[in-house]
Amino acid sequence: MDDNLFEKLRILSDAAKYDVSCVSSGVERKNNTVGGIGNASAAGICHAWSSDGRCISLLKILLTNDCIYDCKYCLNRVTNPIERATFTPEEVAELTIQFYRRNYIEGLFLSSAVEKSPDYTMENIYRALELLRYKYNFWGYVHVKVIPGANALLIQKTGMLADRVSVNIELPTRESLSILAPQKKVENILKPMSLIHNEISRAIEDKNHFSNAPRFVPGGQSTQMIIGATPDSDKTILNVSQNLYDKFRMKRVFFSAYIPVMSSPNLPAVSTMPPLLREHRLYQADWLMRYYYFNSSELFTEIEPNLDLEFDPKMMYALRNIDRFPIEINKASYEELLRIPGLGVTSAQRIIRERKNAQISYDSLKKMRTVLKRAKYFITVKGKYYGNTKLDPDEIKAEIRMKEIQKQISIFEI
Amino acid sequence: MDYLYDGTFEGLMTCIYYHYKKGKATGIYVISNYQQSIVYQSEIVETDILKAEIVSDAINRLISKEAYVHVYYCYLSNDAEKENLILDFLIFAFKYGRNTMNFYTHEKVLPINEIYKRVAREEHRVLGILRFSEIGGILYAKYSPDNDISILLADHFADRYKHEKFIIYDEKRKKVVVYANNNWEIKENINIDDIEFSIKETMIQKLWKQYFTDLAIKERKNINLQFQFVPSRYRKNMTEFK
Ligand code: SF4
Chain A
-8 MDDNLFEKLR ILSDAAKYDV SCVSSGVERK NNTVGGIGNA SAAGICHAWS SDGRCISLLK
52 ILLTNDCIYD CKYCLNRVTN PIERATFTPE EVAELTIQFY RRNYIEGLFL SSAVEKSPDY
112 TMENIYRALE LLRYKYNFWG YVHVKVIPGA NALLIQKTGM LADRVSVNIE LPTRESLSIL
172 APQKKVENIL KPMSLIHNEI SRAIEDKNHF SNAPRFVPGG QSTQMIIGAT PDSDKTILNV
232 SQNLYDKFRM KRVFFSAYIP VMSSPNLPAV STMPPLLREH RLYQADWLMR YYYFNSSELF
292 TEIEPNLDLE FDPKMMYALR NIDRFPIEIN KASYEELLRI PGLGVTSAQR IIRERKNAQI
352 SYDSLKKMRT VLKRAKYFIT VKGKYYGNTK LDPDEIKAEI RMKEIQKQIS IFEI
Chain B
12 MDYLYDGTFE GLMTCIYYHY KKGKATGIYV ISNYQQSIVY QSEIVETDIL KAEIVSDAIN
72 RLISKEAYVH VYYCYLSNDA EKENLILDFL IFAFKYGRNT MNFYTHEKVL PINEIYKRVA
132 REEHRVLGIL RFSEIGGILY AKYSPDNDIS ILLADHFADR YKHEKFIIYD EKRKKVVVYA
192 NNNWEIKENI NIDDIEFSIK ETMIQKLWKQ YFTDLAIKER KNINLQFQFV PSRYRKNMTE
252 FK
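These protein sequences, in sequence, are chains A and B. Using this note's numbering, the first residue of the first sequence is number -8, and each one after it goes up by one. Using this note's numbering, the first residue of the second sequence is number 12, and each one after it goes up by one.
No wet-lab data here; the hints were simulated from the structure. Just so you know, these numbers come straight off a predicted model, no measurement behind them. Heads up, the beta-carbon is just placed ideally off N, CA and C, and yes, glycines get one too. Mixed in with the good hints there might be a few duds.
List time: in silico DSS-like cross-link candidates among lysine-lysine, alpha-carbon distance up to 25 angstroms [stated by the list, open to error]:
1) A:358 with B:106
2) B:176 with B:211
3) A:-1 with B:229
4) A:388 with A:226
5) B:176 with B:186
6) B:128 with A:347
7) A:357 with B:128
8) A:8 with B:217
9) A:375 with A:322
10) A:238 with A:176
11) A:226 with A:175
12) A:358 with B:119
13) B:106 with B:128
14) A:358 with B:76
15) A:-1 with B:220
16) A:347 with B:119
17) B:217 with A:-1
Pulled a few chain A residues facing chain B out of the computed Cβ check, cut under 10 angstroms [claimed, not checked]:
18) 1
19) 8
20) 90
21) 131
22) 267
23) 344
24) 358
Turn these sequences into a full structure, and let the hints steer you where they fit.
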């Protein structure tokens, strides 16, 4: 270890903090506010929180930012004059193991620009992984990016050592991709995805027959899409996600709000704010699809191909389908309870459990720490409706907006 | 009768045993904190492993594993009333048996649930924010948790650092977990002074600090949120805040 490691770490982690393109983490920025399970803790342990309040659990770095490609939306593109740096595989391994031993991190997230060629880069990623596993005997969590276009055998070898791999889909449609990332071919992205999917299925199959069958990315594969660089709608985006979940058994599809880095006729103006709220709403909708038995088609109507930015997707769903409410807390099934805005998995389970002893009252809901702020407009408890409005979308919206304003005023007065 | 015990979990369980087999407990207290009561008589209970086991076993079998874990976590907490909350809970629980934990909000059950959550939350938090340094080949961590959670951390770190040696030092309680060769144990009344770091250790700490600082996106600074996740009382032992 020597002193220019500070310089390299600075350059190659700096790129990783902006969640776009090859550099992204595949880790959500915010805790999901829709439900109880699968917040940061299910993903592992948070080791630190940076001053923007984000959880740090992995060492997130690029192997190199020295790229031969020219993706329009990316800071590392070859035509952009920036500082370049490259870690050796040994440096990546050593940093990881030393941080891990001190309990700074849970593992490594290694991504990379494409240096020299896809194979050259993939080979170095593999080398870092090999050193970690065999030289340092490190069996903590490692997530690596697979470089589209790299040799299949290399991808396979990498998959046998990594816990998770990801190939980025980048953009939801073929047209968008050909405009913004002309060197990336859809086929080169889908091929490794399918290879990884097949290998995973085979490894699972083998495990059923031989207990010592070799592992293959036990944490599954994930991918990522950039949001807001192209005019694609939320409906298009969520339909693509649904397909990726179905077709390749993706563990996760990550969304990443586009941060304008250059002007181009094909990109939003540089002054555009990154669509963080939209990204957040997409995550919430994705969450509903994966854990709350929602189908992407339920969320949209013919005339509304986008999510509501003002209200979270469950609220939006309830307001757009008010005829399915109110739901009686003492009668509803588990699935029905989960459709109530503001009510998560933990509360739903508690209600089911507590109901076995006695009818639930509004008071006992409160004691269970169920958040009723939003739920109360959509439920009855022992037949009684507790919203101070009529069961009408516009009235409920007006009421909630009023509450928000009152809250802000009282904050200012203090 | 007020029962007085030595502060160990087995001691507490022995008191519960006597509550049923000898005479109703009016309260349970640690001997060293006990304030003589004018109303009740008191008796010092000798910790008896066998009697304690009978009670632990009964909790697991007749109530549930979940109840046992809740009681144990509650015992590790810094709650001033914990012994009597546990006593009240167990009296209720032995009556309602397997159904007990469904009374989530009952006045005898709720406090145990809440304290359990508090301790579990601290345990989970500390798994992440405990910081080790390498000193002469040994990994060493110092901390001062609100609750007495060292014993809850031992297995996790023994698994994480299987082939290493480590020491976790609770400076508030003067207690250490020592791990070497696949075994850990807890030792009490230990004092460890601050130790100087090697050049390599210092360099790795600096790399981490730099990484930690660089990672924050300045435009999205949210110090309050950061304090929610890492309250200031934990920070004095964390590399990145030093
Ligand atoms: S391949 Fe494209 S997105 Fe990835 S680092 Fe290079 S320019 Fe950026």
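List of violated hint numbers, smallest to largest: When the structure is compared with the hints, none of them turns out to be violated.
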